[in-house]
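Given the sequences, and given the hints that come with them, work out the whole structure.
According to this note's numbering, the residues represented by the sequence shown are -12 to 405, in order.
These are computed hints drawn from the structure, not numbers from a lab. Just so you know, these numbers come straight off a predicted model, no measurement behind them. C-beta: ideal position from N, C-alpha, C; glycine also. Any given hint might turn out to be false.
[To be verified] Taking lysine-lysine and the BS3-like style, the derived pairs with C-alpha atoms no more than 27 Å apart in a straight line are:
| no. | residue 1 | residue 2 |
| --- | --- | --- |
| 1 | Lys178 | Lys117 |
| 2 | Lys159 | Lys200 |
| 3 | Lys298 | Lys275 |
| 4 | Lys275 | Lys228 |
| 5 | Lys159 | Lys117 |
| 6 | Lys212 | Lys181 |
| 7 | Lys178 | Lys202 |
| 8 | Lys200 | Lys298 |
[Said to hold, decoys possible] Restraint-style ranges between C-beta atoms, simulated for each label pair:
| no. | residue 1 | residue 2 | range |
| --- | --- | --- | --- |
| 9 | Lys228 | Ser46 | 47 to 53 Å |
| 10 | Asn104 | Gly161 | 29 to 35 Å |
| 11 | Gly385 | Arg95 | 19 to 25 Å |
| 12 | Arg290 | Gly5 | 44 to 50 Å |
| 13 | Glu252 | Asp53 | 50 to 56 Å |
| 14 | Arg290 | Arg221 | 29 to 35 Å |
| 15 | Gly56 | Val242 | 45 to 51 Å |
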Amino acid sequence: MIRLVITNARIVTPEGSGALRGEAMGRISVIENGAVAADGEGRIVYAGPTAELPAQLLSEAETTVDAGGRVLLPGFVDSHTHLIFGGYRPDEFQWRLSGDTYMSIMERGGGIQSTVNATRTESARELADKAQWFLDRMSQMGVTTVEAKTGYGLDTATELKMLDAISMLAEKPGQRVGIVPTFLPAHAVPKEYKGRTAEYVDLMIREMLPAAKGKARFADIFTEKNVFEIEDSRRYLQAAKELGFDLKLHADEIVQLGGAELAAETGAVSADHLLHVSDQGIADMAEKGVVATLLPLTAFALREPYAPARKFIEAGCAVALATDLNPGSCFSGSIPLTIALACIYMHMSIEETITAITLNGAAAVGLAESIGSLEPGKQADMVLLEFDNYRMLPYYVGMNCVRSVYRGGRLVSDNRIR
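See below:
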């Protein structure tokens, strides 16, 4: 059975089953007048010139689409989001505009703790229903896979409730977006443990991580001065690794603390943010193959310098891009603006940017063997643009030029104006 055949497309895709590093990020394949066929399981069985498409695939197809020469890309992978949360924090946004810093807002009782208070009062169903609203809009912008973190519970019951909400979303029939769960009880030190960070780390190691085993692929931690510093982060990450979690870090976002070096030391899959990363941290991540997940929307919203994307690429590192959708420091899931900021302010080429938000994003969530490029054997997650030139992506600044989105060979979002 053939579920879908798309013909007459300009196929634009990175290639491979792992992260592309350094200058290889800029090498993408362009197939003029190309075709993609997906079987009944939603896997790509053909990707190449339309003229060479086996006639049998076309004759057996349940659905055929003539792309009209438009660009066909792999589905976008948003590899860092805080999708599950209670409440909103618009007042804090105004405080920041008035000059308050991220850390000063936390110290006056706002920030993560504010969302924790709201999240603890909402049910898993309420949290999932709210997150679905965001997922539907992310799908319209081309996202076919998203990473979703916990981290607004900071106690065992609420953190597990957040994982339940993620599971509800992932298992929802007809879900538009694939979801990768990340366990982040180490997002902040809860007010109940103020001044007793080591004791909270003990609790996470003793109780929370074991309770989440098998429910999340990744364990993450906010490694930052006056939050979880290097030694406490190391203890947490080592315990998580022993339990079978793959590792992620929020690293070197606000000050240069050595989070990137710790990510390399512990064998993390990715280190994220990295606004204030050291040259040594970049070198260590490149040597150990840690994906640098950069979040330009957060730097934009916080009015901070952007992460040094060119340094990472020139050092031979793999760079991914993600939105960091969250209710505090970056209340945005805009893929179009992420792409524009990466090209305009982080000096990434559009080819590097496409790799970063497809194949390298897939690598950052451990799925590069199955998604992230348009190649036989991979899942048919695809984005069809309105245009025949992929360079329209940053040029149409902050605007959505996605025409239609396919996940597993099924149409999940259709933006055509009728």
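We went through each hint and held it up to the structure:
no. : hint                        : result
1   : Lys178 x Lys117             : 26 Å, holds
2   : Lys159 x Lys200             : 22 Å, holds
3   : Lys298 x Lys275             : 16 Å, holds
4   : Lys275 x Lys228             : 16 Å, holds
5   : Lys159 x Lys117             : 14 Å, holds
6   : Lys212 x Lys181             : 14 Å, holds
7   : Lys178 x Lys202             : 26 Å, holds
8   : Lys200 x Lys298             : 36 Å, violated
9   : Lys228 x Ser46: 47 to 53 Å  : 51 Å, holds
10  : Asn104 x Gly161: 29 to 35 Å : 33 Å, holds
11  : Gly385 x Arg95: 19 to 25 Å  : 32 Å, violated
12  : Arg290 x Gly5: 44 to 50 Å   : 35 Å, violated
13  : Glu252 x Asp53: 50 to 56 Å  : 52 Å, holds
14  : Arg290 x Arg221: 29 to 35 Å : 31 Å, holds
15  : Gly56 x Val242: 45 to 51 Å  : 49 Å, holds
Comparing the model with each earlier hint shows violations of hints 8, 11 and 12; every other hint is respected.
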